[in-house]
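Chemist: Each chain, written out:
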Amino acid sequence: MMSGSMTSTPIIRVQNLHKWFGEAHVLKGIDLEVKAGEKVCIMGPSGSGKSTLLRCLNFLEEASKGMVLLDDHPVGYIEEADGKRRRDTEANINRMRARMGMVFQSFNLWTHMTAAANIMEAPIHVGGLSRQAAGEKALKLLRLVGLEDKKDAYPARLSGGQQQRIAIARALAMDPEIMLFDEPTSALDPELVGEVLAVMSELARGGMTMVVVTHDMGFARAVADRIVFMDHGQVVEEAPPSTFFEQPKNERTIQFLAKITSRPF
Amino acid sequence: MDFSFSIIVEAWPTFEAGLITTVIFCSVAGVLGLALAVPIALAQLSRSWSWRVPAKVLVEIVRDTPFLVQVFVIYFVFPATGWPMSSTVAGILALTIHGAVYFSESIRGAILSVPRGQVDAARAAGMSYPLTLRRIVFPQMMGYVLPPIGNQIVGLIKDSAVLSIISVPELSMAFQNVLGTTFAAPEAFVAVAVLYWLLTSAVTLAMSRLERLTPTHRSTQEMTSLLARVDR
Amino acid sequence: MTLEWKHVTHALPFLLEGTLATVAVSLLALGLGLLVGIFVMLGRRSRFKALRALTVAYMSIVRGTPLFIQILIVYYALPALGLDIPRFESGVIALSLNSGAYISEMIRGGLMAIPKGQLDAAKACGMRSGLIWRRITLPQVLVLILPPLTMEFTGLLKSSALLSVIGLVELTRRAQQVIGETLRSPEVWLTTAALYFVMCFALGAVTRRLEKSAAEYRL
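These protein sequences, in sequence, are chains U, R and D. First residue of the first sequence? That's 1 in my numbering, and the numbers climb one at a time after it. First residue of the second sequence? That's 1 in my numbering, and the numbers climb one at a time after it. First residue of the third sequence? That's 1 in my numbering, and the numbers climb one at a time after it.
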């Protein structure tokens, strides 16, 4: 549910983000804005840096240069008076992370806990909710993703699609302002992709701000307000889906689309 | 605490003799054990239970009893049933059987690690089982088998210290003698530890050299986790 | 010469009593070894190079020298350092110093076996590192190291036989005492081997069960 400001101030702002992994320059000056309620899909070939960018948003990766701003507050850093910056406290970083929900390609459910326990874990231990309240919330979220009957199941017993839906419920449990998805359907068998996309579409309809790294063109076309195309660490093109898919401007975009749709332009 | 090398120098002949005996015992037992391990491993994988059961029983007995007790059993039971037994023969026999059982587990695990599809393809081409083993399975399993075997050879060397208890004049017996003559000088502790350590490190080094020559080179860590999946 | 068992059957209760000491020394060595293993693990990941080097050296020595020698060294070295420690404790110390090196590897393996993604997910929810350790890592590590720990316990039961050499009265020493009285070494050793076999085989079954349970939770 939407819980950001209703104005057009961007919830997320990325400014000149650079990231080096050793010698490799993976993010080469990314600028991005995501407004409240927007659904942004990030697409691009492997190695383009899309996952790295997403992980920088919630500070799972630390950028080498540049800034990520959540509601105008820098994520992970405090700006000193003299313009220098130093690493923020763990507590602040965690607080910021709790305002963003993340769904991973490999689901990453905690295998020693049941589905319900996975969902309740952060609300209890980070959000301070009582066990009772967390349990009710978990049940509501399980109903939302259609897995109420699996609340006591362990991840090992669930299909990939079910695990991912639980992972989405877990990410929603902290009432995030924005949901980050890192290739949520790439690791799923084809017949299980639909159930996850259905939940994500439902979420989008409800007004959630979403940043989705995906290969799934159908989903991007149907749900995205804006497609951001990345290649070799740079944002190459940004456009609403209709424009992006029908009238791509940049040469590299055209090549990429040709490869994944095998449609000549 | 002052460390006096002269004690070690005086004791060196004793240590040297013991070291040589240890090397001889371990080499003989190692070679015989490896030779014995192959039939034991194959027997456990056999389709007929008349091979599988005795092999499994032997493996289970050797794995679930202390090596020291195995040594005592061999040393004392055989003479009682008519076969004379010297400490040398008993020592080598015990080391060989103990080693063979553990080697066979590594070999069995390595054979099972060769992808099933390789064997299927060979059989589909009309190759017999023995031919498949010789031409397809054994060459491929070499990379899987060397790391654990290396560990177990080191284990064999360490187990050989126990043979001093039945008076085999190997390195740990030498150590106990030197303890007596030097009144438990700390130099003796250091010397014997260093000698064993050098021996085991040499084996480990030699094994990693050998591993690098094999086509399917696997790290010891990978092998340990692979073997952990072998059903015991 | 045939084997006559009636002499041994008299001694069976006496031998069985020896297993109490065997189990006791092994259990204590396991517990102490677990503590040693934890310290060694911490030492390996320490910021101080000297501490890291020390732990690596310790592990190399313990794994590269015979347990028998380690037992003798502890037994003879401790008095030389002025510590007068009885046989039982000396045995426990030697065994736990040995086990500790191997147990630290088990702990390390358990930690590595937890998929990093689960830690990412925890961080993404805003959990702090202490919480992640307590709720996510530790519970899983404990389950993962249980099977290898039981295997180590089985190994300790067998290793405890070596303590007979320093005079500790466990099963093997009692066997030697029975032989001293009855002079029937073949029968006694076969019986003793059987007793060890029963203990270790039963534990092996437990270990296999634990491995299966641990595997059920893993994806």
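If you are wondering where the hints come from, they were derived from the structure by calculation, not from laboratory data. A few of these clues could be false.
[What the hints assert, rightly or not] Under the rule of at most 20 Å between Cα atoms (straight-line distance), these lysine to aspartate or glutamate pairs were calculated in the EDC-like manner:
no., chain 1, residue 1, chain 2, residue 2
1, D, K123, U, D175
2, D, K6, D, E181
3, D, K116, U, E62
4, D, K123, U, E183
5, U, K150, D, E216
6, D, K123, U, D231
7, U, K35, U, D72
8, U, K259, U, D231
9, D, K212, U, D231
10, D, K116, U, E183
[Claimed, not checked] Beyond 12 Å from chain R on every Cβ pair, some chain D residues (computed):
no., residue
11, A24
12, T55
13, I71
14, I85
15, R134
16, R135
17, A161
Remember, it's a predicted structure, so these values are computed and weren't measured experimentally. Quick reminder that beta carbons are idealized off the backbone N, C-alpha and C, glycines included.
Chemist: It remains to establish, for every hint, whether it holds in the given structure.
Modeler: These are the hints, each one checked on the structure:
1. Between D/K123 and U/D175 the CA atoms are separated by roughly 16 Å; this keeps the pair inside 20 Å, and the hint holds.
2. About 14 Å separates the Cα atoms of D/K6 and D/E181, which keeps this hinted pair within 20 Å; it holds.
3. Distance check on the hinted pair: D/K116 and U/E62 sit about 17 Å apart at the alpha-carbon level, within 20 Å; holds.
4. Restraint check for D/K123 and U/E183: the C-alpha separation of about 18 Å stays at or below 20 Å, so the hint holds.
5. Taking the CA atoms of U/K150 and D/E216, the gap is about 17 Å. The hint holds against a cut of 20 Å.
6. Restraint check: the Cα-Cα separation between D/K123 and U/D231 comes to about 28 Å, which exceeds 20 Å; the hinted pair is violated.
7. Note on U/K35 and U/D72: the hinted pairing holds, with a Cα-Cα distance of about 12 Å set against a maximum of 20 Å.
8. With a CA separation close to 14 Å, the supplied pair U/K259 and U/D231 stays within the 20 Å bound.
9. Note on D/K212 and U/D231: the hinted pairing is violated, with a Cα-Cα distance of about 46 Å set against a maximum of 20 Å.
10. About 17 Å separates the Cα atoms of D/K116 and U/E183, which keeps this hinted pair within 20 Å; it holds.
11. Every CB of chain R lies more than 12 Å from the CB of D/A24, the least distance being 16 Å, so the non-interface label holds.
12. Every CB of chain R lies more than 12 Å from the CB of D/T55, the least distance being 16 Å, so the non-interface label holds.
13. At the 12 Å boundary, the C-beta of D/I71 falls inside the reach of chain R, the nearest C-beta of that chain being 10 Å off.
14. At roughly 15 Å, the least C-beta separation between D/I85 and chain R is larger than 12 Å, which holds for a residue marked as non-interface.
15. The Cβ of D/R134 lies farther than 12 Å from every Cβ of chain R, with a closest approach of about 26 Å, so its non-interface assignment holds.
16. A cut-off of 12 Å between C-beta atoms confirms that D/R135 is not in contact with chain R; the least separation is 26 Å.
17. Not every beta carbon of chain R lies more than 12 Å from that of D/A161, the smallest distance being close to 4 Å; the non-interface claim is violated.
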